[in-house]
Structure formats: C-alpha cells, structure tokens
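J.: Input sequences plus hints: build the corresponding full structure.
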Amino acid sequence: MKLAEIFAILGNRSGGISDLSINGIQSDSRKVKPGDVFVAVNGNVVDGHQYIAEAIEQGAAAVIGQQSLSSRLAIPYIKVDNSREALGKLVSHFYHYPSKKHIMIGITGTNGKTTTSYLIKHIIEKTGRTCGLIGTVENVINEQSFSPSNTTPDAVLLQKLLHESRDEFIILEISSHALNQSRTEGLELDFALFTNLSHDHLDYHHNMENYFSEKKKIFQLLKTTGEAVINYDNEWGKVLSGELTAIPFTLFGKDTEFEIKDVALKGQTSFTIHHNGEAFSIQLPLQGIHNVYNASMAFVTAYKMGIPPHNISAAFRSFPGVPGRFETFYNDKGARFVIDYAHTKDAFEYCLQTAKYQHAKNIYHIFGFRGGRDHTKRKEMVAASAKYSDGIILTLDDLNGEAKEDVILELKKHRASFPKSQVIPDRTIAIQTLWEAAREGDWVFITGKGPEEYKDDYQLGTSGDLDTLKFLKSKEAGT
Numbered sequence: 001m002k003l004a005e006i007f008a009i010l011g012n013r014s015g016g017i018s019d020l021s022i023n024g025i026q027s028d029s030r031k032v033k034p035g036d037v038f039v040a041v042n043g044n045v046v047d048g049h050q051y052i053a054e055a056i057e058q059g060a061a062a063v064i065g066q067q068s069l070s071s072r073l074a075i076p077y078i079k080v081d082n083s084r085e086a087l088g089k090l091v092s093h094f095y096h097y098p099s100k101k102h103i104m105i106g107i108t109g110t111n112g113k114t115t116t117s118y119l120i121k122h123i124i125e126k127t128g129r130t131c132g133l134i135g136t137v138e139n140v141i142n143e144q145s146f147s148p149s150n151t152t153p154d155a156v157l158l159q160k161l162l163h164e165s166r167d168e169f170i171i172l173e174i175s176s177h178a179l180n181q182s183r184t185e186g187l188e189l190d191f192a193l194f195t196n197l198s199h200d201h202l203d204y205h206h207n208m209e210n211y212f213s214e215k216k217k218i219f220q221l222l223k224t225t226g227e228a229v230i231n232y233d234n235e236w237g238k239v240l241s242g243e244l245t246a247i248p249f250t251l252f253g254k255d256t257e258f259e260i261k262d263v264a265l266k267g268q269t270s271f272t273i274h275h276n277g278e279a280f281s282i283q284l285p286l287q288g289i290h291n292v293y294n295a296s297m298a299f300v301t302a303y304k305m306g307i308p309p310h311n312i313s314a315a316f317r318s319f320p321g322v323p324g325r326f327e328t329f330y331n332d333k334g335a336r337f338v339i340d341y342a343h344t345k346d347a348f349e350y351c352l353q354t355a356k357y358q359h360a361k362n363i364y365h366i367f368g369f370r371g372g373r374d375h376t377k378r379k380e381m382v383a384a385s386a387k388y389s390d391g392i393i394l395t396l397d398d399l400n401g402e403a404k405e406d407v408i409l410e411l412k413k414h415r416a417s418f419p420k421s422q423v424i425p426d427r428t429i430a431i432q433t434l435w436e437a438a439r440e441g442d443w444v445f446i447t448g449k450g451p452e453e454y455k456d457d458y459q460l461g462t463s464g465d466l467d468t469l470k471f472l473k474s475k476e477a478g479t
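In UniProt numbering, the protein residues as written are 1 to 479.
Hint data in this document are derived by calculation from the structure and do not stem from the laboratory. C-beta: ideal position from N, C-alpha, C; glycine also. Any given hint might turn out to be false.
What the hints assert, rightly or not - FRET-style restraints, in silico, Cβ to Cβ:
hint, residue 1, residue 2, range
1, 328, 261, 40 to 46 Å
2, 43, 453, 20 to 26 Å
3, 261, 359, 19 to 25 Å
4, 225, 417, 50 to 56 Å
T.: Here is the structure:
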C-alpha cells in the first residue's frame with residue numbers, strides 16, 4: 001500500500017510523497033512497527049494524539065489525526081475531521097475490504113445478541129458450512145477461539161480478523177459503542193438484526209433516543225443486496241419498522257409475516273412460527289420467553305439464507321447452549337444454580353420469570369452493579385429482582401475504578417428497599433452462602449458476570465462465577 005492511496009481515500013493532496021510504502025495501520029502506538037501509519041484517535045479516557053512521539057520512535061511512516069499540531073513532524077501528518085472514521089476506512093482498504101468475501105450477519109440490541117449469534121452459528125454449521133463468530137464471549141475464526149476485549153473489536157482488529165478468516169459466514173455482535181465510535185466503518189453486512197432495546201448504557205448515550213439512534217446505524221452498513229430482520233414485539237422494533245423506508249426488512253412477532261404462536265414455557269420450551277400459510281414447530285433446549293425471541297430471530301435469518309425449515313428445527317433440538325447464558329448447576333441438595341450474563345431490568349425479568357414458569361419453590365438472586373457504568377438503571381434492576389425473588393444477595397461486580405466503599409454503601413442503600421435482601425461484598429462468599437443454604441426445588445440466579453473472570457481483588461481466589469460453582473461442586477464431591 002502506498003501513502004498516495006491514503007491521501008486519495010481521505011481526500012487529501014499527497015504533497016509529493018505519494019510513493020512512500022505503508023506496511024500497516026495502527027491506532028495503538030505500542031503496536032506500531034517501522035513503516036506503519038499511526039492513527040491518533042480521541043478516546044473516552046486517553047487521547048491518542050499524546051502518543052504521536054512514541055509512534056514516531058517506533059518507526060511510524062506517517063501520522064493521521066484530527067488535531068492541529070503546534071509543531072511540524074519529521075514525518076507526514078494528515079489532518080482529518082474524524083480520525084475514528086479515517087481509521088475504519090483505511091484499515092478496511094488495507095485488508096482489501098474483507099467483509100465482501102463473507103456472508104456477514106451483524107446483530108445489535110440490548111439483550112439477546114450472544115444467544116442469537118450462537119443459535120445462528122449452530123444452524124449454519126449443521127448444514128456443513130463454516131461460520132466465524134466475533135462477540136462478547138469469544139472470537140472464533142477458522143475454528144480457533146480467542147478471548148475478546150470488547151463485544152465489538154476496534155476497527156484494526158475487526159478488519160484483521162475478517163481478512164484472516166476463511167469462514168464462509170461471519171456473525172458479528174455490534175454494540176452501540178462500536179457504532180458510535182466508528183469501529184464498524186468499512187464493514188458491509190448481508191443481514192442486520194435488531195433484537196430489542198431497553199434501559200442500558202445511558203451513562204454513555206444519556207437518553208434512550210440517543211441510544212436508539214446509535215443502534216440504527218447498523219442498517220447503514222448493509223450491502224446493496226442486504227436486508228434487516230427486526231423483532232416487532234419490542235416497542236423500539238415497531239418504531240424502527242416505521243422508519244426504515246430505504247431497505248428491505250422482515251418482521252417477526254405477533255401479527256407479522258413470521259408470527260410466533262403456541263408458546264409453551266413449562267417443561268421444554270416450544271412454539272410455532274407461522275409463515276405463508278405454513279406452521280413450523282420448534283422445540284428448544286433453552287428456557288424462557290426471551291429465548292423464544294432469540295430462536296425466532298435465528299429461524300427467520302436462517303430461512304432468509306435459504307436453509308430449509310426442517311433443517312433449522314432439527315438444529316435447534318441439538319443446540320448445546322452458550323457459555324454463561326443460563327448455564328445450570330445443582331448442589332448436593334438438588335437446588336438449581338443458574339449463571340447468566342443478565343445485567344438489565346428486562347434481562348432480570350426474563351430469567352426470574354422462567355423460574356416462576358417452572359414452579360420454583362423459592363427464587364434467590366445474587367447480583368451487583370458494575371462500576372463505571374450506567375447508574376440510572378440500578379434502581380430498576382433491584383425492583384425487577386425484588387418483584388420475583390424470595391431472597392436477594394447484593395454483592396460486588398467489577399469495580400472499574402469506583403471505590404469499593406462507595407459501591408458497598410450503594411448496595412446497602414438499595415437493600416433497604418427490599419427486606420428479604422442482604423449485602424455480602426465478597427462475591428465468592430455470597431455464592432457459597434446460597435450453595436450451602438438452597439434446597440431441592442429452589443432456584444438460585446447468579447447474574448452479571450456470565451463466564452467472565454473477576455477483575456477486582458474481592459473474591460476468595462476463584463477466577464469467576466462459573467469457576468466458583470465448579471469449585472464448590474468439586475469440593476462437594478470430594479475431588
């Protein structure tokens with residue numbers, strides 16, 4: 001790649017240095033190698049322009065930024081209006097627009113992205129085709145799994161993964177932050193899926209209208225032949241269906257072309273999807289009304305891909321589940337413990353209602369608040385849990401810079417609104433307390449962390465909720 005191409009993409013004049021060869025594009029100065037272009041991005045915490053000198057020391061051949069510099073650099077500096085957008089455009093070009101070589105499925109929404117992505121991946125692979133996955137739990141490329149740093153990677157890593165992938169299909173969870181920060185610039189989708197929208201991330205977006213506006217940007221990424229799939233039973237899905245006039249979209253839910261009927265949630269989850277005079281029966285080894293919608297979105301997407309309905313239904317029956325999503329353990333007394341990533345009011349209600357449908361004797365709930373995140377949703381979370389739970393333990397989640405003492409004080413404040421609750425700051429002790437106390441017929445939900453490791457030093461030494469339960473289970477078995 002020549003520097004002249006960069007000038008052309010960004011609409012700048014080359015200044016007579018167009019023959020300079022470029023070896024790579026980086027936005028992290030620590031990763032810059034000789035011959036790379038360093039793109040200085042204004043981050044939420046760190047301003048990349050502060051690291052221009054470090055990038056030059058590392059061998060950067062040119063720098064791109066959006067600030068006017070006080071002094072001239074020894075290497076070319078290209079000033080742009082938005083360095084985030086410039087980064088996405090350049091790295092996509094550098095890797096020869098890799099999303100064009102895959103069938104790309106992008107999923108956005110507050111809840112359900114991860115489960116829906118795993119369901120679609122499972123259906124695709126059951127047809128004998130290859131499918132990559134980029135999301136919250138893991139990145140899977142060429143059947144190799146890697147731990148993610150964000151739900152949606154930065155533009156450099158995202159385009160690199162797409163370039164390296166030999167998978168026919170790629171499923172990508174797309175967060176509102178990624179859309180706002182132009183991490184998806186240069187990406188082209190065949191399908192854009194909207195699961196739902198509920199109160200979350202308002203510390204970042206400030207209000208639901210802004211949050212919704214960012215989510216809608218996913219539809220700007222569609223290829224000319226692409227289409228949208230929308231959950232019409234969510235109020236924001238209805239709004240969306242009235243606003244999308246320039247692209248084709250398919251609705252599922254009540255009174256839609258893919259209508260959900262005959263939902264049974266007691267015992268095994270089952271329902272039917274009615275389309276064009278036909279009824280397709282679904283049996284699902286996942287519980288909860290939320291998974292009816294996740295599976296319906298997967299069904300519609302696979303159907304639009306041309307996968308026969310009977311193959312889709314068969315794939316559902318063998319679905320193995322998702323790490324950290326309604327993952328179930330039992331203690332020696334027969335109580336059911338459920339690990340789930342739920343961290344919003346709606347997600348809490350989905351989980352806890354499931355236990356009600358299954359006639360749980362008692363429902364207990366362990367959760368906390370993630371530091372540095374949306375404080376405005378915390379009261380709603382407690383109220384949702386209190387509505388369905390017979391007992392609550394409020395505990396710590398990742399602090400993310402918030403003082404532990406302040407978080408504990410807030411937990412105690414919320415405890416006062418629900419007398420059947422207690423505060424146990426150490427998350428491991430909180431889990432162990434109910435592991436020892438819960439009896440047959442009881443359900444215990446441990447939400448928020450999913451499969452993630454603990455990031456703060458407040459636990460007894462295990463590395464996460466899943467590992468805590470596995471440790472307790474092994475201790476109980478004497479292994």
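J.: Next, verify each hint and record whether it holds.
T.: Tested hints:
1. 328 / 261: 40 to 46 Å: 28 Å, violated
2. 43 / 453: 20 to 26 Å: Given about 24 Å between the Cβ atoms, the range holds.
3. 261 / 359: 19 to 25 Å: 24 Å, holds
4. 225 / 417: 50 to 56 Å: Cβ of residue 225 to Cβ of residue 417: about 52 Å, so the range 50 to 56 Å holds.
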